[in-house]
Amino acid sequence: MSVVKTITSSQERKRGWSISLAPDLLPVEVPPPFDVPPLSVEVLQKMYHVMLLIRRVEEYLLDAASEGRIGGAMHTAIGMEANAVGAAFATRPDDYVTCTYRGHHHAIARGLDPGQVIAEVLGKASGCARGKGGSMHMVDPEHGLMGTNGVVAAQVPHAAGMALAARMRGEDRIALTFFGDGAIYQGVMHETFNIAAKWKLPVIFYMENNKYSEMTPIWRTSAIEDLYTFPKVYGIESIRINGNDVEIVHAAVSWAAERARSGEGPTFIEAITYRLAGHMAGDLETYRTPEEREHQRQADPLLVLRQKLLDRNVTEEALARIEEAVAQDLARAVEFAETSPWPDIAEAYTDVFHL
Amino acid sequence: MSVVKTITSSQERKRGWSISLAPDLLPVEVPPPFDVPPLSVEVLQKMYHVMLLIRRVEEYLLDAASEGRIGGAMHTAIGMEANAVGAAFATRPDDYVTCTYRGHHHAIARGLDPGQVIAEVLGKASGCARGKGGSMHMVDPEHGLMGTNGVVAAQVPHAAGMALAARMRGEDRIALTFFGDGAIYQGVMHETFNIAAKWKLPVIFYMENNKYSEMTPIWRTSAIEDLYTFPKVYGIESIRINGNDVEIVHAAVSWAAERARSGEGPTFIEAITYRLAGHMAGDLETYRTPEEREHQRQADPLLVLRQKLLDRNVTEEALARIEEAVAQDLARAVEFAETSPWPDIAEAYTDVFHL
Amino acid sequence: MVQMRKTTYLQALNEALREEMRRDERVFIMGEDVAYYGGLFRVTRNLLEEFGPQRVMDTPISEQAFIGMALGAAAVGMRPVVEIMYMDFTLVAADQIFNQIGKYAYMTGGRVYLPLVIRGQQGGGKNYGSQHSQSLDSLYAHFPGLRVVAPATPYDAKGLLKAAIRDDNPVVFLEHKMLYFTTGEVPPPDVDYTVPIGLAEVKRPGRDLTLVTYSYCLLEALAAAEELAEKYGIDVEVVDLRTVNPMDTETIWASVARTGRLLAVHESYANCGVGAEIVARAYEEVPHLLKAPARRLGMPPVPIPVSRPLEQEILPWKRHIMATVLEMMHERVAYA
Amino acid sequence: MVQMRKTTYLQALNEALREEMRRDERVFIMGEDVAYYGGLFRVTRNLLEEFGPQRVMDTPISEQAFIGMALGAAAVGMRPVVEIMYMDFTLVAADQIFNQIGKYAYMTGGRVYLPLVIRGQQGGGKNYGSQHSQSLDSLYAHFPGLRVVAPATPYDAKGLLKAAIRDDNPVVFLEHKMLYFTTGEVPPPDVDYTVPIGLAEVKRPGRDLTLVTYSYCLLEALAAAEELAEKYGIDVEVVDLRTVNPMDTETIWASVARTGRLLAVHESYANCGVGAEIVARAYEEVPHLLKAPARRLGMPPVPIPVSRPLEQEILPWKRHIMATVLEMMHERVAYA
Ligand SMILES: Cc1ncc(C[n+]2csc(CCOP(=O)(O)OP(=O)(O)O)c2C)c(N)n1
Ligand SMILES: Cc1ncc(C[n+]2csc(CCOP(=O)(O)OP(=O)(O)O)c2C)c(N)n1
Ligand SMILES: [Mg+2]
Ligand SMILES: [Mg+2]
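Chain order of the listed sequences is X, Y, V and E.
Heads up: the first sequence is residues 1 to 355, going by the working numbering.
Heads up: the second sequence is residues 1001 to 1355, going by the working numbering.
Heads up: the third sequence is residues 2001 to 2336, going by the working numbering.
Heads up: the fourth sequence is residues 3001 to 3336, going by the working numbering.
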């Protein structure tokens, strides 16, 4: 099974940059250093459930934002769900996760109740961070989600510190941190890569390369073409995968987690993916053509997984049941969040310090 | 001519780290991508004059510090003079230079009057920065020295910005920035390397690798063994040289400057060198053995250059004349600095803003 | 006399950049998404088209490097204008801003100076949460060596941005996300004008109390003043500081000489903030003018929550301004 | 009663670290040169020998990463103590400190809290210049979410560092380069004690004026007080704040209730500094206690020069303290 598939558009080809993973794909040059054993259809169906639920929650949130019910910066991961779900299924609930402002998918994939996700984005008292954090600050320590972050790359050393803690205590927990392609050029990434490599920390650096940082394509600002090659310079094991195929993501993270648990140190994963929605709610998307986006819909991870399930003899009826169950989950979550009260005004002043 | 020579002590060999460049040397693995044409004896004699003057000035400063006449952090470059002089002779007065707190050697090599250097370190009104900057803040715009800096790596983006300015104005000036081995793991280095490479800026990144950052050997904190390999990941041309041989330094910087002027972009030079004095005045040097330091004295760049001159038929008398001239230069400089007045108290409040 | 026209704060900024880039080819722009996209908030819109990619440059997300590069370029005679997407992120480059840029002229004994501008938007009110809503004006004013400008009207925004670009010193130019679509009278594009850095302006004359503020809080203060006048007959004089550093205490003290009461309001954290500074200076310089204790109002010492009612609770806006003024005028109100 | 012994501030800090590391195996140390060398200023001396390289770690010069890692380790139950060689360099990691560490508990709705300490020395007086001499206490106090501690005596240093390590919140622990070799009475190593965070202490009782200060300025203030008493018969009460945030205003106001005069002194920049904050709070909370305008004294708005006479000129030390007190007591002095 090929791990990354890419096409290069004519304009991009000149620069040697791949922008796409839609079906008219070229196989990736690097063979994966791990096997991608097929997952059972039971597991794949569960994954489909979670991925679809993430999609529906975020679609709901985009609607709510367009109605003016959500302020601030609300970033969805529509089109990127396979990264979150594959990774979550490949790690343990007691592993540690940090990620970016684009974190609803990770929160739900880890097991955070979608009602609490929606409530948090809406700023309700029942949100996972009591409405104080909002969309950019999902948290759920019970499921190992230690925080999502509004500052590009800031969460990356946090994960390294969690990995250090686990190692100091002799635990076999690992830490997993997600970031975007644009994050690679924050200085702290470099600093963290070096320490993680030098100290052989049990941490996985997972880049969701969706080709854009905000409105700027990564090739416009990066001197390095194949981003996954960068961490190799520190001696970090580094691979590139197709982040829209949940089975591949699962296999890659399982392999990296195993390496981390057995003391082999950090792994870097560049997952090629694509966001089908705007950078954030309200994004006018003038920086890409509708054609480009529509073309990418063919590689929508939900379609990829649905087709996989059909190919493995799961019936349309069985899928319809999942889709129905997701609709109910969503309805429950929305009901929970919408009927939750606002936080009490006094809450504005609490939780600054732990008392 | 071999460009880098290294030995590995038994302890270090295990780690694969080279710590030394004293004469019992192994030739470096990488052949230089440039020629090292022998310089004329006239030029070499001038270089000897400047290098020796730097040495004498810094010896004087160390004495003054041990007498308590200099406070703060005063870092000498004793043993590292060839880097400054080779580089200065290979660049133009209108090129731009920035460097670290360890910058007396660069200041003098660029052409800053040693009297002003000493005066600045002593905090006198006649110092190059009117006594406000001190040892860590040498400056001499007339000779292109745009500033030395107390914060590790902070000066590196400055040079990139100067290179950008030169390029925007269509000038063929270049920028040259010096930093230590320990600086490589400040995040800003990574950020700057990427932009400099992407924008093909006419800048030379010159690392004076003296094997220690403060009291910690670089191998203890670096995941990368051969530091010069790091910037290659951005596509930056990168080499390693013997920084104790002024002819090699001169050749390397000439080559890099030519590349920069002709639009080929940045070059990274890792110069292996060694500081024969402490990290700063007052350093107890418990982190290295006296034997290690004494061993390194054999590769003292002044000895290397002196021997080179003798080998090229410069007489002992000619060298003695230079040494005498240096003694007079030093005496003049000391006289100038010592008799200079303190700045007027009102000076404490000026120069915050340019009026 | 110049015929004014109504335009937005956003448009005024864009014009200032365009006009200064036309006037002086040393001026150039760097930042994230500033070139092809025209800036996340569209302040640099269409500048790439006119000035080309050599003068309007999209950077990677490397604030330390490109702010440091602005220093370097300015040190050798260019006039960089750097956009920071949210001023909160200047903290990523705090060393470059405070340890380098603010001190460079001094550390070099005046031999190198830095004509550069760091601009971007800050502030709350739109539920951006703790890391995208801070006002950092007090921070920039705390460290020496930076001019700090925070205009509230389109006219001042354009005039001060032009002045900032022409200034030979580093200027931190603070916009506010609530101001971009506010409108006001501004001279047409071909009329050159600047608003001097360091000059406050009385935006509403009044007899009872001097309220000093700047940036978006000015609008809240003016609204509060209207309501205080209508409902309580309290006549507040509103001084728009416009420049936070250097501070035009002359204009403030002249106003306090008339009113005898002083309240400073800002959206940065109150603790060790500009308001505290104004109060401290008042007692240093003009204690005799004060008929009642001088006060300040800023953000309470909490990070900024996303939840709407919580954010509204802590912003030092109209409701809190009115309450504070009423407290300060409490004798008058009691008898009213 | 405990038999005290004389020891240095430096030794007191080293003991605090050692004892807390023995007491609690979650405590560990990261920083530059802290392990094999024992810290540039020798505060972590011999800890590597006792606790090994797993708990005393030499880092590369990567403040952003290792401060961020301290956050991560603390978030999952460890108790990191990070040494910063000169607190000036915290600016390199300002995002991690202010946007991350200070806000983490709040942004997570209290679900993650951070028991960590960032410690190091700051301050002037030894000609280290603009980038190695700043006092940043006002900066740390400006942002929400950080406890800020700045002890002046060996006893307080040891007791507060132990308290800081045991605190469940992030603490910025500020030493001063002029204090390391000062000595004072401290209980012997086997006697466990802490000094509570958030509690000021009257270090010299007096009747005429309350002088609030902390860190090295305490010593200058005490010296000034002695001379003021001797030469002018002015009896200054010196309150050692010890903790800058949260601020023990109760102790200050109680003192002001006795003296009627208030002067706050610190070495961080005066502009938007802790002193201004104390003055502002005094007029908010206890204006009726003040017989004369409250004042503050801090660093003037200039970077710190290397040249000795210039540095001595700007440090808000004894000479300036005396001058300010004399100004404030000017009626008394005139008649004395
Ligand atoms: C330090 C910093 N600078 C700038 C920003 C503004 N910003 C938010 S998201 C973003 C783009 C990030 O792109 P990428 O890392 O590719 O992640 P993506 O949004 O594509 O998931 C930028 C510049 C920020 N949050 N933090
Ligand atoms: C950001 C920052 N962190 C820490 C320091 C303290 N410091 C000064 S010099 C130094 C070591 C630098 O080593 P290296 O880069 O190898 O240069 P060298 O001193 O050997 O010339 C350190 C850690 C600093 N100046 N700046
Ligand atoms: Mg991206
Ligand atoms: Mg070194």
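Treat the hints with care, as some may be off.
[Unchecked claim] In silico BS3-like cross-links for lysine-lysine, where the CA-CA straight-line distance does not exceed 27 Å:
| no. | chain 1 | residue 1 | chain 2 | residue 2 |
| --- | --- | --- | --- | --- |
| 1 | Y | K1308 | X | K198 |
| 2 | V | K2162 | V | K2177 |
| 3 | X | K232 | Y | K1046 |
| 4 | E | K3203 | V | K2291 |
| 5 | Y | K1200 | X | K232 |
| 6 | V | K2318 | V | K2203 |
| 7 | E | K3231 | E | K3162 |
| 8 | E | K3177 | E | K3203 |
| 9 | E | K3291 | E | K3318 |
| 10 | V | K2231 | V | K2162 |
| 11 | E | K3231 | E | K3291 |
| 12 | E | K3162 | E | K3203 |
| 13 | Y | K1198 | X | K232 |
| 14 | E | K3231 | E | K3203 |
| 15 | X | K200 | Y | K1046 |
| 16 | E | K3203 | E | K3291 |
| 17 | E | K3177 | E | K3291 |
| 18 | Y | K1232 | Y | K1046 |
Just so you know, these hints were derived from the structure itself, not from any lab.
Broken hints, by number: 1, 3, 4, 7, 10, 15, 17 and 18
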